[in-house]
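2 protein chains.
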Amino acid sequence: MNNPFKLVLASMSPRRMELLRDLGYEFAVMNPSVDENFPDDLSPEEVPVFLAGKKLDFSLISASDDETIFIAADTIVICEGEILGKPLDQADAYKKLSSISGKTHVVITGVCIGNKTNRICFDDKTEVFVESLTDSEINQYISDFNVFDKAGAYGIQDWLGIAKISAIKGSYTNVMGLPTQKLWKEINNFIQKAL
Amino acid sequence: MNNPFKLVLASMSPRRMELLRDLGYEFAVMNPSVDENFPDDLSPEEVPVFLAGKKLDFSLISASDDETIFIAADTIVICEGEILGKPLDQADAYKKLSSISGKTHVVITGVCIGNKTNRICFDDKTEVFVESLTDSEINQYISDFNVFDKAGAYGIQDWLGIAKISAIKGSYTNVMGLPTQKLWKEINNFIQKAL
Chain Y
0 MNNPFKLVLA
10 SMSPRRMELL
20 RDLGYEFAVM
30 NPSVDENFPD
40 DLSPEEVPVF
50 LAGKKLDFSL
60 ISASDDETIF
70 IAADTIVICE
80 GEILGKPLDQ
90 ADAYKKLSSI
100 SGKTHVVITG
110 VCIGNKTNRI
120 CFDDKTEVFV
130 ESLTDSEINQ
140 YISDFNVFDK
150 AGAYGIQDWL
160 GIAKISAIKG
170 SYTNVMGLPT
180 QKLWKEINNF
190 IQKAL
Chain X
0 MNNPFKLVLA
10 SMSPRRMELL
20 RDLGYEFAVM
30 NPSVDENFPD
40 DLSPEEVPVF
50 LAGKKLDFSL
60 ISASDDETIF
70 IAADTIVICE
80 GEILGKPLDQ
90 ADAYKKLSSI
100 SGKTHVVITG
110 VCIGNKTNRI
120 CFDDKTEVFV
130 ESLTDSEINQ
140 YISDFNVFDK
150 AGAYGIQDWL
160 GIAKISAIKG
170 SYTNVMGLPT
180 QKLWKEINNF
190 IQKAL
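Protein chains in written order, with numbering that gives the first Met the number 0: chain Y, 0 to 194; chain X, 0 to 194.
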């Protein structure tokens with residue numbers, strides 16, 4: 000960026016770091032260690048932007064000037080109206096993977112971009128169809144891949160996505176954790192306005 | 000694979016090799032050096048399976064037994080009814096990228112799996128929406144990435160896909176060059192039948 004701004008990604012997700020790098024940005028990272036509770040009256044669809052906002056609020060505590068722009072994000076999986084978070088243990092991973100087998104679920108990533116003065120929040124929604132998974136496929140997958148840091152217990156870029164996600168509708172990178180196409184536009188807009 | 004078969008990927012595409020490896024297969028590679036001509040009376044949609052079949056035919060010349068199974072594939076981009084091949088030079092890459100800017104195109108990959116006795120051919124179709132590209136974005140992209148070995152002059156997994164492909168409908172890996180989800184099923188079926 001030929002501008003005075005520094006970008007900070009408020010996320011420790013290796014997928015988000017990779018995507019932001021692939022967009023062509025240089026940035027620092029920080030861990031926004033907030034609890035992931037949200038008000039009961041939010042619909043599942045409203046949760047990702049709410050949690051991204053909470054992460055941005057936490058990040059801004061350390062902001063000393065308006066030239067540091069933070070990017071916070073939260074990704075959820077919604078299957079049959081219910082939010083599937085990161086699996087707690089092996090049995091929970093099995094349960095989550097069984098519940099997405101042979102049907103379409105929705106992945107929503109909420110993003111908040113902000114400095115001390117301004118913020119913009121948005122989200123993106125992708126429909127994901129997973130082919131039927133056999134018991135042995137699920138067990139093999141859990142033992143071969145790290146499913147515990149991923150909402151819904153899968154990564155679209157690893158074996159499950161390659162062998163079993165036969166169709167998506169929407170942004171692929173949004174399922175990985177960042178709606179990079181909207182992010183590209185919104186970061187550029189944010190910087191133009193802040194200049 | 001716990002079976003007597005050896006897989007050979009009849010393609011030198013690094014993306015196809017990566018995808019087949021990620022599916023969990025071990026395989027050899029070979030270059031099916033056929034011309035990519037096809038009969039005039041084929042519709043664009045029929046071309047990928049036709050060319051994959053031609054590549055399989057070529058590969059089978061070197062097959063000595065039925066335990067070697069070849070996988071051949073061909074990927075085309077169709078925009079407004081016209082096939083966009085690999086760009087011939089920088090000016091042609093610019094023209095191809097301009098023509099997909101701000102609209103939806105279709106990517107079809109045809110696959111033929113076969114040995115000396117049997118073959119099965121299939122294809123998969125993915126719709127791809129590309130956001131509007133500015134002149135400077137196109138020129139920057141052509142200078143930063145290798146566009147010359149790719150149909151339509153782009154890679155969905157590099158900057159263009161990450162910043163500009165805001166939606167697809169269908170299989171993501173199909174756009175990279177292999178419909179891995181159908182391939183997973185069909186290889187397993189082929190092996191079961193051949194055992």
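Treat the hints with care, since some could be wrong.
Said to hold, decoys possible - Restricting the straight-line Cα-Cα distance to at most 25 Å, the calculated cross-link-like pairs of lysine to aspartate or glutamate (DMTMM-like) are:
1) Y:Lys168 <-> X:Glu44
2) Y:Lys168 <-> X:Asp143
3) Y:Lys5 <-> X:Asp143
4) X:Lys5 <-> Y:Asp143
5) Y:Lys192 <-> X:Glu126
6) Y:Lys184 <-> X:Glu44
7) X:Lys181 <-> Y:Asp34
8) X:Lys168 <-> Y:Asp91
9) X:Lys184 <-> Y:Asp40
10) Y:Lys124 <-> X:Asp39
11) X:Lys168 <-> Y:Asp157
12) Y:Lys168 <-> X:Asp64
13) Y:Lys102 <-> X:Asp21
14) X:Lys124 <-> Y:Glu81
15) Y:Lys192 <-> X:Asp134
16) X:Lys181 <-> Y:Asp143
17) X:Lys168 <-> Y:Asp143
18) X:Lys124 <-> Y:Glu130
19) Y:Lys181 <-> X:Glu126
20) X:Lys192 <-> Y:Glu81
21) Y:Lys181 <-> X:Asp88
22) X:Lys94 <-> Y:Asp134
23) X:Lys181 <-> Y:Glu81
24) Y:Lys5 <-> X:Glu136
25) X:Lys168 <-> Y:Asp34
26) X:Lys184 <-> Y:Glu81
27) X:Lys168 <-> Y:Glu79
28) Y:Lys168 <-> X:Glu81
29) X:Lys181 <-> Y:Asp40
30) Y:Lys184 <-> X:Glu81
31) X:Lys102 <-> X:Asp148
32) Y:Lys192 <-> X:Glu66
33) Y:Lys184 <-> X:Asp21
34) Y:Lys184 <-> X:Asp65
35) Y:Lys184 <-> X:Asp143
36) X:Lys5 <-> Y:Asp56
37) X:Lys184 <-> Y:Glu17
If you're looking for bench data, these hints aren't it; they were derived computationally from the structure.
Bear in mind that the values here come from a model prediction, so they are computed numbers and not experimental data.
Q.
Next pair to validate is X:Lys168 with Y:Asp91; report whether the Cα-Cα distance is within 25 Å.
A. 30 Å, violated
Q. Going straight from one Cα to the other, do Y:Lys124 and X:Asp39 come out at no more than 25 Å?
A. Violated: Y:Lys124 and X:Asp39 sit about 41 Å apart, past 25 Å.
(Q) Against the 25 Å threshold, does the CA-CA distance of Y:Lys5 and X:Glu136 hold or violate the hint? (A) 22 Å, holds
Q. Taking 25 Å as the top limit, are the C-alpha atoms of X:Lys168 and Y:Glu79 close enough?
A. The hint holds at about 21 Å.
Q: For the pair we were handed, X:Lys181 and Y:Asp143, check the Cα-Cα distance against 25 Å.
A: This hinted pair holds, its Cα atoms lying about 22 Å apart.
Q. Holds or violated: are the alpha carbons of X:Lys181 and Y:Asp34 at most 25 Å from each other?
A. 41 Å, violated
(Q) Tell me if the straight-line CA distance from Y:Lys168 to X:Asp64 falls inside 25 Å. (A) 42 Å, violated
Q. Is it true that the CA of X:Lys181 sits at most 25 Å from the CA of Y:Glu81?
A. 29 Å, violated
**Q.** Proposed proximity, X:Asp134 with Y:Lys192 (alpha carbon, max 25 Å)
**A.** 23 Å, holds
Q. Holds or violated: Y:Lys168 with X:Asp143, Cα cutoff 25 Å?
A. Violated, because 29 Å separates the two Cα atoms, which is more than 25 Å.
(Q) Against the 25 Å threshold, does the CA-CA distance of Y:Lys184 and X:Glu44 hold or violate the hint? (A) 34 Å, violated
Q: Compare the distance between the alpha carbons of X:Lys5 and Y:Asp143 with 25 Å, and conclude whether the hinted pair is satisfied.
A: 23 Å, holds
In the structure shown, a violation is registered for the earlier hints numbered 2, 5, 6, 7, 8, 9, 10, 12, 14, 17, 20, 21, 22, 23, 25, 26, 29, 30, 32, 33, 34, 36, 37, in ascending order.
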